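Quick note, the sequences are listed as chains A and B, same order.
With my numbering, the residue at position 128 of the first sequence is 128, and numbering never jumps.
For any residue, its number in my numbering is found by taking its place in the second sequence, counting from 1, and adding 1000.
None of these hints come from the bench; they were simulated from the model.
All figures in this text were calculated on a predicted structure; none of them were measured in a lab.
Beta carbons: idealized from backbone N, C-alpha and C, even for Gly.
One or more hints might be untrue.
Unchecked claim - DMTMM-like mimics (lysine to aspartate or glutamate), calculated; alpha carbons at most 20 Å apart, straight line:
id : chain 1 : residue 1 : chain 2 : residue 2
1  : A       : Lys55     : B       : Asp1024
2  : A       : Lys55     : B       : Asp1254
3  : A       : Lys55     : B       : Asp1110
To be verified - From the structure, some residues in chain A lie toward chain B, with a derived Cβ separation under 10 Å:
id : residue
4  : Asp59
5  : Ala131
6  : Gly133
7  : Thr228
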Amino acid sequence: MNLVATDPAPSRLGTFQQQFAQALVAAAPPVDGDASLAELFAQPGFAVYRNTVHKGCIDALQANYPAVTRLVGEEWIRAAAAEFARLHRPASPMLLEYGAQFAAFLEGFAPAAELPYLAGVARLDRFWTEAHGARDELPLEPARVAALTQAELEFTRLRPHASARWAWFHEMPIFTLWSRNRHAEGAHDDIEWRGEGALVVRPFDSVSPVPLGRADVVFLDACAAGGTLADAAVAALAAEAEADLAQSMARLLSAGAFAYCDTERT
Amino acid sequence: MPQPSSRLSAGLGLRPQHFDAARDCGADGLWFEVHPENYMVDGGPRLGWLEAVRARHPLSLHGVAMSLAADAAPDGEHLRRFKALVDRFEPALISEHLAWSTWRGTYHPDLLPFPRTRDALARIAANVGRAQDALKRRIAIENPSHYLRFDGHELGEIEFLAELARRTGCGLLLDVNNVYVSARNLGTDPAAYIDAFPAGCVDEIHLAGHSADPNLGEALLIDSHDAPVAPAVWTLYERLVARTGPRPTLVERDDNLPEFSALFAERERAQRTLGALERRAA
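Build out the structure end to end from the sequences listed, making use of the hints.
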C-alpha cells in the first residue's frame, strides 16, 4: 500500500497554465509536447504575450533604477534588465518593488566589471524606492534630544526612522555619483575619488538624501542595533578616531534619521 | 453587495504625470481610475497624491493582478492590500480582468488567456466570489483582448461572462477596444458581440487606443493603450450605449502619454455622448 500522500491530479486549467507560463519565459516556445499547445505557441499572437511580459519586466527595472540608467544609457540598462529578468522573474505584481536583487546582480554581471561603482549607485536607487513608499512616521525633533541632560544622553537609544536607509561605500564616491545622476546635474570630472556614506530618508513628503561620513554610518548602525548613544559613540570613534560626534548627531537629527527616543535606563 | 454609483459619467485613467491637472480639473461628473497595484505601499507621497485627487473626484480601482483566471485562489496578501485601499479611498467602482497573471509564485506582467471550459468557469466563479467576499464589494470583470485562436473553448465569451455574473453577482466591465481588437484578430464581428453583451450587467465601459503589430501590421492588432481611441471603437461605443443607456465610461491611456488636455478632449467626447442620452431619457 502506498502511504505517501500525492497531490491531486492537476486540473486541465492548471496544466494549461503551467505549460503556458513555461512557454512565456522559455528561450523559444516549445514545439514538442501537447500538439494543441504547440499549435497555440506557434501562432504569431503568442509573441504578443511573450513580448508584453518581457517588456513589462524591463520597463519596471528601468523605471526603478533611474540613476543607473542615466550612467549607462537606455540600451545598456535594457540589456542588463533583460538578463536580470531571465534570472529573477517578478514574484509580486507590485512592480514598484521589482529588482531588490538588481544591485547584487550588477556586482557579478560581466559587462559591468569596468563600472565598479554601478552596484553602489543601484543600491541608492533602491534605497530611494524603499524610502519613498515606507510607512509614514514623524521624525524625532532635534530639540527633544537637545533637552536631555548629559547623564540621560548616555543611556538614550534612538531608533532610526522607518524610511531611513544608509550605507558606507569604501573608496568610491557613490553618493556624489548617484546624486548627480539621479538629479541629472553636472559632469563627473570634478569628483574626488574617496569613500562616501549615504543616508536616504523621507522624514515628511520628500525623499531627502544626505552624504554621511564613516563615523555617521557606524553611529547609525549602532543605534539601529539597539545600542545606547554611549555605545554608538564608542563604535563611531573606533571607526574614525578624529570624528566630531556632536556634528554627527546634529547632521543625523536634522536629516530626520531618527523617529524615536528612549531615555529609559535598562 | 453595494451597487456602483450611477452618478458617474465619463472618466479618465490617471497617471502620476497628470496628478496636478487631474486634481485641479473641475469638470462636471469627472472621475478617475487607477491600478491599485501602483498604490500598494506602506506610506509616502504616492498615497498623498491619490488622496488629493480623491478629495475632489470619485475614484475607480481597476486591478490588473488578482489573477482570477488562475487555477489557484487569489493571493490573500494581495487581497488584504487591495481591501486596505478600498477602505482608504472608498472607490465608486472596483474592477478586475477575466485573465491570469500569477502562477506558482511568479508574476507575469500581462493579462493571459485560458480555454473557457466549464471547469474553468467553476474555478473562476469561486475566485471572483472570494475576491468579493474579501473586499466586501461587488467587482466588475473585464472582457480580455485576444491574440490566439483556441481549440479548447467550451463556452463563448459572452456566455461565459454572463454565467460568471449570474453565479457570483459580479458586474461586467465591457472594454469596447478589446472587443474590436479581438474581433479583428480572430475574424469575428465586433458589432454582433456588442449587440449580444448582457446590458444589465454592464457596470462600466472602457475605451482605449490600439496599434498594429510592428511586424505583422494590421493583421495583428495590439491592445497597446498608446494612442487615441480609434474611430471604429467610437462607433461601436455609440452603438453600445444607444442600447444600454448611459454607463460610467473610461478613456484609458498608459503609454505614449500626451498632455492632460488631449486626454480630456477624448473624455469630453464620451461625456457628450452620455449627456445626449441622458437628455433624451429626461
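Cross-check of the supplied hints:
Note on Lys55(A) and Asp1024(B): the hinted pairing is violated, with a Cα-Cα distance of about 33 Å set against a maximum of 20 Å. For the proposed pair Lys55(A) and Asp1254(B), the alpha carbon gap of about 14 Å is at most 20 Å, so the pair holds. Between Lys55(A) and Asp1110(B) the alpha-carbon distance is near 10 Å, which keeps this suggested pair within the 20 Å criterion. With its C-beta approaching chain B no nearer than about 9 Å, Asp59(A) sits inside the 10 Å limit, and its interface hint holds.
Interface restraint check for Ala131(A): the shortest CB-CB distance to chain B comes to about 8 Å, inside 10 Å, so the restraint holds. At a threshold of 10 Å, the smallest CB-CB gap from Gly133(A) to chain B is about 3 Å, leaving the interface hint in force. With 10 Å as the threshold, the beta carbon of Thr228(A) stays out of range of chain B, its nearest partner Cβ sitting at about 28 Å, so the hint is violated.
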